[in-house]
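Asker: The primary structure of each chain is shown beneath.
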Amino acid sequence: MDTTKGDALENNVGFWKRIGRRITGIPLLAWILGILAAALVEQWVGYEFAELIGLPKIPVLFGALIVLKKKVWMQSPMMIPSTMLYVFSVYILVIGVVARVLAAPANRAAGGLMKMPLWISVLIHLGIFYTALHIWSDISAYRVITLKLTLIAIMVTLSLNVINGYMGEFSCSHPGFMALGAYAASAVTLIFFTNDRLFGAAVLPASLGPFVFPLALIIGGLVAAIGALVVAIPSFRTRGDYLAIISLAFMFIVKSVIENLEVVGGPRGMGSQPNYADLPTVFVWTVLCIWVINNFVRSILGKALNAVRDDEMAAEAMTVNTRKTKMVAFMFSAFWAGVAGGLFAHVIRFVNPGTFGIQKLAEVLAMVYFGGLNSVYGSILGAVSLNLLGEMLRPLEIFKWIIIPVMLILVMIYRPTGLIAFKDLDVKKLIRPR
Amino acid sequence: MKKGLLFVVSLLVLCMALVPMASAKKVVIKVGIDAPMTGDIPKVGEGTKYAAEMWLEDIKKAGGLEVGGKKYPVEVIIEDNESKAESAVKAITKLITEDEVLIVVGPQASSQAIPAGDVANNWKTPMISPWSTNPNTTKDRPYVFRACFLDPFQGKVMANFVKNEFGFTKAAVLYDVASDYPKGLAEEFKKNWEKINGPGSVVAFESFTTKDTDFSSQLTKIKKSGAQFIFVPQYYNEVALIVQQAHDLGFKGPIVGSDSWGSAETVKLCGKDCYGLFFSTHYAAAGAKGATKAFIDRYKKKYGYVPDDVAALTWDALGIVKKAIQDCGKLTGNIEKDRQCVRDALAKIKNFEGITGKMSFTEDGDPIKCAVIVKINDKGEFEFYKSVCP
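Protein sequences appear in the order of chains A and B. The opening residue of the first sequence carries number 1376 in the numbering used here; numbering runs sequentially from there. The opening residue of the second sequence carries number 35 in the numbering used here; numbering runs sequentially from there.
The set of hints was computed from the structure by calculation and includes no laboratory data. One or more hints might be untrue.
[As the list claims (entries may be wrong)] Not everything, but these chain B residues come out facing chain A in the computed CB check (under 10 angstroms):
(1) Lys128
(2) Ser145
(3) Ala212
(4) Glu397
Glycine included, C-beta positions come from ideal geometry on N, C-alpha and C.
Generate coordinates for the entire structure from the input sequences, incorporating the hints supplied.
Answerer: Laid out in structure tokens, this is it:
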């Protein structure tokens, strides 16, 4: 009896191990192609397949919204196995099979791509990946809005990680930076391209808008970067908790200032931003943000951040200009938070100062610490998982706010620095053939 | 390896076996509700949910909603917007595109209703916000409606009421500068008061910030300014503090307020200090008659407390939804056509008898309805005092 049980266990382990071994041989390119294939399959036959197995619609977020719904369990429990079947066959099966089948040719292709300049092969990967995302999100507008806000969350998380993870200061000012970016970018688009109640008629023709939009975002980022000086300069002399308090104060100052500025609508907020932030725009900016921040933290200046974090005095002695380092880090990080804020304002198409308060801060901090300090992977993971979880657990209503915090607590206990902390993102290693 | 594979395959087969055959599609009227179930104002979400539950109960009792001589089953889908703008947008997008609701009720607070209204309008889905008083919610949005009156109207009502009732000439206003609703209302009141009494008749226009608890400096200034009364368009927790502190400082004049006073908590926190004060609101619970009384009694019996204005307005919004769907006359099952039909019917509703008063809708989505002046009586109840119509 015991031996058979043991055998079965061993067999099972063998099964998973073998799967593991098979997976390690698959390059990133094959995975992305697998995702693309799954998205295409869903687009072509998703609806028919869902109907065949008794689902009213394509399960929108991997079936979570159906499986977790109490009403479904009570009234039509048959939908649960159907949903699982759908998710398994359309996503897991298709991705797995396509990735496995394409592993060998993809390896050869990846090898070929490695001979080309890095940026070309990265662009090819990103292009395929974006196509997959686009097709996947084409199924439903709900997917689009979730995806957009998730991408923006990645930008904010990453920018906060530069300060909290790489430089080791505890900054609470990121909602303030976001607010500055959001208001500055909105002001630019509203003044120049829309007829609205705050700034009157459009100055420039609306057709120019989408082309000037990146400029508006950059202006938003720059305004946030200038605002960051307010936090950066005190950071020369204070550290730790004290700087946290200063940065928290900064966040409240920004909120109060905007509330009292009638020009930008005060507490009523600013609405009817033009609809420039579509999925490709948000995606491009997110990729740009990841790329720039990743290069920054791997540069000499980025390493200086780590030196300042580990021992400021020693760093100073080893000729690191700590003041310059802090200043650059704060302004750089605030710039990206500002850009993210600008995108956020144009996705929601409404901003009010209340949005950028303590709640937003808690969210962003949770994403940083959940994902992992000092790591680009960690920030991406943290932002994506908390955002998707927040949506997927929606049917649980109030219990969502028990499950997510419990997860955070568990992560903090078992992995105090976050899920993937202190890990470099090396693009070359990522896309190499295996 | 084999066993693992067998396991997966058998699971698949099991799934397949459990899958029912394709079921026939039935037309179900789906009503979406986008409410703050969690976040800053969960009590508002709760009132919304309870009103919706009661409404659904009625429909179920009647065996469905009768449209054009045919009864359709009704489903209410409640989504939480966490009292956040981005979450409200996600929730309404989900309701419209995933659940394919015919009409959306909510969000309640303006900071969520404005962005959500944009989504509803883009998807050509009718939306009624029961509680949002910000003009921008419905402005230039043919598909967005509301069930309450706007701030400008309320400011005018209060200015006229105080003038006629007391004949005062000098007003003071104390409001939260960081909050959208009190600020808007304070400005509207000031504008209207000065229109009646001439410029400079608002002798003190004092502000504070959300979560302040000590108002003595502002109140001292108000007292010194010689104001005869104070207008306080604040929420219940601040109202209690302001009224008590004003009385402690020896301010004798009346203090008047707005619909944000209309929560059961106001009197609970404020106690005797609030007795005899007036405020404008959507409906009065004490001394209510007819349908309003029936609603209040039923709500109180079921949930254990007197419903506040959010619940009453949500109830009315759902009543409007029902009427609009019935007025539409025919449901085709094509959701886009039906939404358009319901929207057109909604814009034509005249003299709807709601529990918060008679309402008529126009193409701009704002109802023409009366405000109620409520007096807090000696028992601490909200007593009907006067009705003011536009």
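Asker: Which hints from the list above does the structure break, by number from lowest to highest?
Answerer: Per hint list: single violation, 4.
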